[in-house]
Amino acid sequence: MKFGIVVFPGSNCDHDTYHVIRKVLGADVFYIWHKETSLRLFDAIILPGGFSYGDYLRVGAVARFSPVMKEIVQYAKEGGPVLGICNGFQILLESGLLPGALIPNEKMRFLCQDVHLKVTNHATRYSKQYTEGQILRMPIAHYSGNYFADDDTLKRLQDQERIALQYCDAEGNVTAAANPNGSKLNIAGIYNEYKNVLGMMPHPERAAEAVLGSEDGLGMFKSLLERN
Amino acid sequence: MWKAKIIVTYKPGILDPEAKTIQHALGSLGYGNIQDITAGRFFELSLDAGLSQAAAEAQTREICEKILSNPVIQKYSYELSETVL
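Each protein sequence line maps, in turn, to chains A and B. Here the first sequence is numbered in my numbering, starting from 9 and rising by one per residue. Here the second sequence is numbered in my numbering, starting from 2 and rising by one per residue.
Be aware that one or more of the hints could be misleading.
[What the hints assert, rightly or not] With a Cα cut of at most 25 angstroms, we get these calculated BS3-like pairs of lysine-lysine:
no. : chain 1 : residue 1 : chain 2 : residue 2
1   : A       : Lys192    : B       : Lys76
2   : A       : Lys203    : A       : Lys163
3   : A       : Lys192    : B       : Lys21
4   : A       : Lys163    : B       : Lys76
5   : A       : Lys192    : B       : Lys12
6   : A       : Lys230    : A       : Lys136
7   : A       : Lys10     : A       : Lys31
8   : B       : Lys12     : B       : Lys76
9   : A       : Lys10     : A       : Lys230
10  : A       : Lys136    : A       : Lys78
11  : A       : Lys136    : A       : Lys85
12  : A       : Lys203    : A       : Lys192
13  : A       : Lys163    : B       : Lys4
14  : B       : Lys76     : A       : Lys115
15  : B       : Lys12     : A       : Lys115
16  : A       : Lys115    : A       : Lys136
17  : A       : Lys115    : B       : Lys21
18  : B       : Lys4      : A       : Lys43
19  : B       : Lys21     : B       : Lys76
20  : A       : Lys85     : B       : Lys67
21  : B       : Lys67     : A       : Lys78
22  : A       : Lys85     : A       : Lys10
23  : A       : Lys136    : A       : Lys203
24  : A       : Lys192    : A       : Lys230
25  : A       : Lys203    : A       : Lys78
26  : A       : Lys163    : A       : Lys192
27  : B       : Lys67     : B       : Lys4
28  : A       : Lys78     : A       : Lys10
29  : B       : Lys67     : B       : Lys12
30  : A       : Lys10     : A       : Lys43
No lab work stands behind these hints: they were computed from the structure.
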């Protein structure tokens, strides 16, 4: 199985993600410069975290027009797995592959901290290594992670079991106090309709080795590997 | 030459954390009577004079919808004027 990691000007979690896939999992992984227009070689695409185009205009708004994005939209429509982490999630929303938007955190502060997450749906190609309602600990590092969608969209996300992860406390309770950034329904990650596209604010690649304090993120990459 | 002055703001009903923070700061400076604040982005586009007014408007709207605003959370307004160099 071959993973591809897209590199935009300003991506800065591309190397961390590469390290986890190649060195921790021992799988094949390649960088994809954002001007590439062929993705046929890849079995899964990752849009990594960072500050593509300096976050100018709106987070993800400029990267969404990079040449590679047209191919990624097509790749996703054909069922290819696309995982967007942090800035990658913001780009997926701007490109219309996922519904809603991410606005600045409620308290207008950059948040860099560990959070607890509840695995809301454990039956997808990203989550089958987890159990229902499992509680994960992973870091977040963002200024614009406040997920917004209108009520109809939120209802659709719930009805179609498209909420992937929710911010919760250490016991797994999804409460207002456990919501770090003001996201609607404590949403930390969502799927598209066919669950081949996942966008999430927390960083699984920074929680994939015990020496870094948590291995809870590794299950996400392992789940993807298991399929192929 | 055509000049388009564009303002992008959040749609009503979306809590704008930046505007709330400014309002809070104004309150602590003694301007407690400020009931509401809207914050936003301002853009000025200069379009070449060869365009008709209708074409200049159509292009301004297209740019606003495609990139300058995110229709999920934002709305835009613009004023178009003809300037003589």
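These are the hints, each one checked on the structure:
For the suggested pair Lys192 (chain A) and Lys76 (chain B), the alpha carbons sit about 20 angstroms apart, so the restraint of at most 25 angstroms is met. A hinted pair counts as satisfied when its Cα atoms are at most 25 angstroms apart, and Lys203 (chain A) with Lys163 (chain A) qualifies at roughly 16 angstroms. The hinted pair formed by Lys192 (chain A) and Lys21 (chain B) meets the criterion: a straight-line CA distance of about 18 angstroms does not exceed 25 angstroms. About 23 angstroms separates the Cα atoms of Lys163 (chain A) and Lys76 (chain B), which keeps this hinted pair within 25 angstroms; it holds.
At roughly 16 angstroms between alpha-carbon atoms, Lys192 (chain A) and Lys12 (chain B) fall within 25 angstroms of each other, so this suggested pair holds. A C-alpha spacing of about 9 angstroms is found between Lys230 (chain A) and Lys136 (chain A), which places the hinted pair at or below 25 angstroms, so the restraint holds. For a cut-off of 25 angstroms, the pair hint linking Lys10 (chain A) to Lys31 (chain A) stands: about 14 angstroms separates their Cα positions. For the proposed pair Lys12 (chain B) and Lys76 (chain B), the alpha carbon gap of about 6 angstroms is at most 25 angstroms, so the pair holds.
The straight-line distance between the Cα atoms of Lys10 (chain A) and Lys230 (chain A) is roughly 13 angstroms, inside the 25 angstroms bound, and the hint therefore holds. Simply put, Lys136 (chain A) and Lys78 (chain A) have alpha-carbon atoms about 29 angstroms apart, too far for the 25 angstroms limit, and the pair is violated. Only pairs whose Cα atoms come within 25 angstroms are accepted, and Lys136 (chain A) paired with Lys85 (chain A) is accepted, the gap being roughly 22 angstroms. Of the pairs offered as hints, the one joining Lys203 (chain A) and Lys192 (chain A) holds, with about 20 angstroms between alpha carbons and a cut-off of 25 angstroms not exceeded.
For the proposed pair Lys163 (chain A) and Lys4 (chain B), the alpha carbon gap of about 42 angstroms is over 25 angstroms, so the pair is violated. Annotation: proposed proximity of Lys76 (chain B) to Lys115 (chain A) holds, straight-line Cα distance about 23 angstroms (limit 25 angstroms). A C-alpha spacing of about 19 angstroms is found between Lys12 (chain B) and Lys115 (chain A), which places the hinted pair at or below 25 angstroms, so the restraint holds. Proximity of Lys115 (chain A) to Lys136 (chain A) is assessed by CA-CA distance (about 34 angstroms); at most 25 angstroms being required, the pair is judged violated.
For the hint pairing Lys115 (chain A) with Lys21 (chain B), the CA-to-CA distance comes to about 9 angstroms; that is within 25 angstroms, so the pair holds. With a C-alpha separation of about 32 angstroms, the suggested pairing of Lys4 (chain B) with Lys43 (chain A) is violated against the 25 angstroms cut-off. The suggested pairing of Lys21 (chain B) with Lys76 (chain B) holds, with an alpha-carbon distance near 18 angstroms, which does not exceed 25 angstroms. Annotation: proposed proximity of Lys85 (chain A) to Lys67 (chain B) holds, straight-line Cα distance about 21 angstroms (limit 25 angstroms).
Taking the CA atoms of Lys67 (chain B) and Lys78 (chain A), the gap is about 15 angstroms. The hint holds against a cut of 25 angstroms. For the suggested pair Lys85 (chain A) and Lys10 (chain A), the alpha carbons sit about 19 angstroms apart, so the restraint of at most 25 angstroms is met. At roughly 12 angstroms between alpha-carbon atoms, Lys136 (chain A) and Lys203 (chain A) fall within 25 angstroms of each other, so this suggested pair holds. Distance restraint check for Lys192 (chain A) and Lys230 (chain A): the Cα-Cα separation of roughly 29 angstroms exceeds the 25 angstroms cut-off, and the hinted pair is therefore not satisfied.
Between the alpha carbons of Lys203 (chain A) and Lys78 (chain A) the distance comes to roughly 19 angstroms, so the proposed pair stays at or under 25 angstroms and holds. Taking the CA atoms of Lys163 (chain A) and Lys192 (chain A), the gap is about 11 angstroms. The hint holds against a cut of 25 angstroms. Of the supplied pair hints, the one linking Lys67 (chain B) and Lys4 (chain B) holds, its CA atoms being roughly 19 angstroms apart against a limit of 25 angstroms. The suggested pairing of Lys78 (chain A) with Lys10 (chain A) holds, with an alpha-carbon distance near 20 angstroms, which does not exceed 25 angstroms.
At roughly 16 angstroms between alpha-carbon atoms, Lys67 (chain B) and Lys12 (chain B) fall within 25 angstroms of each other, so this suggested pair holds. With a C-alpha separation of about 19 angstroms, the suggested pairing of Lys10 (chain A) with Lys43 (chain A) holds against the 25 angstroms cut-off.
Going through the hint list in order, the structure does not satisfy hints 10, 13, 16, 18 and 24.
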